[in-house]
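Chains as they are written, first to last, in the working numbering: chain A, 27 to 123; chain B, -3 to 473.
Please note: incorrect hints may appear among the correct ones.
With a Cα cut of at most 25 Å, we get these calculated BS3-like pairs of lysine-lysine [to be verified]: (1) K86/B to K26/B; (2) K467/B to K271/B; (3) K28/A to K68/A; (4) K86/B to K115/A; (5) K407/B to K68/A; (6) K407/B to K28/A; (7) K68/A to K251/B; (8) K115/A to K327/B; (9) K71/B to K26/B.
Computed footprint of chain B on chain A; a stretch qualifies when at least three of its residues, placed anywhere within it, have a C-beta under 8 Å from a C-beta of chain B [to be verified]: (10) 38 to 49; (11) 103 to 109; (12) 114 to 120.
Below, a sample of chain B positions facing chain A; criterion: calculated Cβ distance under 7 Å [stated by the list, open to error]: (13) A323; (14) Y361; (15) A364; (16) K407.
Simulated from the structure, these hints should not be mistaken for laboratory data. Idealized CB from N, CA, C, for every residue including glycine.
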Amino acid sequence: MKLDEHEVNEIALESRLVLTEQELAGAVRYINNFLDMLDRFKELDLKDVEPFSFAEALECPLRPDTVISFPATQAILDESEHVDGPYFKVPRIVEAE
Amino acid sequence: MELYELNLNDVIEGLKAKRFSPSELYASCKQRIDTCEPNIHAFITRTDDTQPQTGNDGGIFAGVPTVLKDNLCTKGIRTTAASRILGDWKPPYDATAWKYLREAGAVLMGKVNMDEFAMGSTCGNSAFGPTHNPHDISRVPGGSSGGSAAAVSAGYVPFSLGSDTGGSIRQPASFCGVYGFKPTYGMVSRYGLISYGSSLDQIGPFARTVRDLQLVMSVLAQYDPMDSSCFREKNPDFTHREDVSLKGKRVALVKEFQDFTLDAPIAEAMTRTRKVLEDEGAIIAEVSLPVVARYAVACYYALAMSEAHTNLERYDGVRYGYTVTDAAGVKEMFERVRSYGFGSEVKSRIIAGTCLTEPSRCDEYYVAATKVRTLIAQEFARAFGETDYILQPVTPSLPHRIGEEDEDEMKVYETDLYTLPVNLAGLPGLSFFTGYAGNLPVGLQLIGPRWSDSGLLDAGVILERHLGSPKIANGGI
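Start from the sequences, fold in the hints, and give me the full structure.
Written as structure tokens, this is what we have:
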């Protein structure tokens, strides 16, 4: 086993996921099986291989640098319950002790 | 013949000739949906409760009903990606692919089911319950675009859209007995497609004839400045031609795949299709793809999960979707929203993606996978120097019964070997109908080099002529 329950739980919390006991047991099994599958990469000599970036050379396309009005601002805000005027408002970042 | 049974080209011709009206067509499709939907459960959101106006009365699809996979944004219409976390989110804009169809006059009947965030191959990983295969409602329709395939198969609509990150158009097309096309990466704009693995995702159509796929592709394949991976100046020509030929074309089988076991009807379909190709004058060859055969599945899942973990970071309950309003702080809010909002498969993949991209493991797994992807793309480039197309299965087996999935996820992932390499190399792939084994359809796959999309569909026209077109499924009736 490459990762134990504690390590997988720490990774889940980094992803802002709180797992139940049952979910954690499933996640540990899943991650370890998956990492075993990825061990196949060790059979290959990848030292001089370039990482893949895109299937062919592509010049980065640029749009004109001009301001475009977006007419649906209110529609965006209407989808949130965390709105204060024209802004999103999140709960406090630094939580009380 | 009922109007809902007509294929896309026949629908358009009938509407033009005024043999029937858009309202009559709409009513026929709606009636078909009302009849079959209790058995199939393809929809997440129906929009056919009121007769909508067509987007463009003079457009090529004026009055033609369609459905969209529910990861394509539709302005003002609920879009869920089959996840609780998006709640009743109504996007403020249309996906470009849908915008093109709407401007061409297509009429939206609704948004259809999928595996949550396109992660799965059964259409069972959905917060809205599973979709059933219209040919045998005890079986899965495939996934992740299972709703899109089932809707076309059952005669709800003559065509639909799905998305394909590792086979999510081609596999359900095969399971449901329709044609499905995954275009070259960069051919169709991804703007407004809810992201899963952005370097792999591609939108494409389902239909009941290859000629219908050509027509939909002629509308979808347009440059879009809103997607930076969308190519300019490719100008593909998807015009349907009857005089196409495979004479002298090289079609290869993959040497390494010959040792793998296939369900008997799929092996038999390979033999029959090979004979059709030979009779049409194609030269059957063999190519070797050893890196693909051994490493593509691991490479794909490493990259897809890494990209998914990044793409899904945005779901935090602040701006849209499911949320809580009584959290003490932002950390608690994010944890409560994400822990409740995501389903188990999505959580597993997010955790795996986080694990692979952590600084301590990144080189060993994520960076290694990007290098293996380079080898896979190079291997395909070499193979397409020796052959025009590659013929291969879509899956090693026919659709299983709902609830009978293998509990070993890695074994399930291995069955994606025939579809996901196409996404890793950004290639086009056509899933085509070959016949029936009992009541279940059997599909195969033809893939080509990048930008060979129109030639691939021409080849599909020839295959359909010899192998026959699929019939509409009974829809559990």
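Going through the hints against the structure:
For the proposed pair K86/B and K26/B, the alpha carbon gap of about 23 Å is at most 25 Å, so the pair holds. A threshold of 25 Å between alpha carbons decides the hint, and for K467/B with K271/B the separation of about 23 Å falls inside it, so the pair holds. Taken as a hint, the K28/A and K68/A pair is honoured in the structure, with Cα atoms around 15 Å apart against an allowance of 25 Å. This hinted pair checks out: K86/B and K115/A have alpha carbons roughly 20 Å apart, not beyond 25 Å.
Taking the CA atoms of K407/B and K68/A, the gap is near 20 Å; set against the 25 Å cutoff, the hint holds. The straight-line distance between the Cα atoms of K407/B and K28/A is roughly 19 Å, inside the 25 Å bound, and the hint therefore holds. Of the supplied pair hints, the one linking K68/A and K251/B holds, its CA atoms being roughly 23 Å apart against a limit of 25 Å. The straight-line distance between the Cα atoms of K115/A and K327/B is roughly 14 Å, inside the 25 Å bound, and the hint therefore holds.
For the suggested pair K71/B and K26/B, the alpha carbons sit about 22 Å apart, so the restraint of at most 25 Å is met. Counting residues of the region 38 to 49 of chain A whose CB lies closer than 8 Å to any CB of chain B gives 9, so the stated coverage by that chain holds, three being the minimum. Counting residues of the region 103 to 109 of chain A whose C-beta lies closer than 8 Å to any C-beta of chain B gives 4; at least three are required, and the coverage claim holds. Look at the region 114 to 120 of chain A against chain B: 6 of its residues bring a Cβ nearer than 8 Å to a Cβ of that chain, three or more, so the hint holds.
The interface hint given for A323/B holds, since its Cβ lies 5 Å from the closest Cβ of chain A, which is under the 7 Å cut-off. A hinted interface residue such as Y361/B counts as satisfied when its beta carbon comes closer than 7 Å to some beta carbon of chain A; here the least separation is about 5 Å, so the hint holds. Interface restraint check: A364/B against chain A, minimum CB-CB distance 4 Å, threshold 7 Å, status holds. Against a cut-off of 7 Å between C-beta atoms, the interface hint on K407/B is violated, since the closest Cβ of chain A lies about 9 Å away.
Hint violations for this structure: number 16 only, all remaining hints satisfied.
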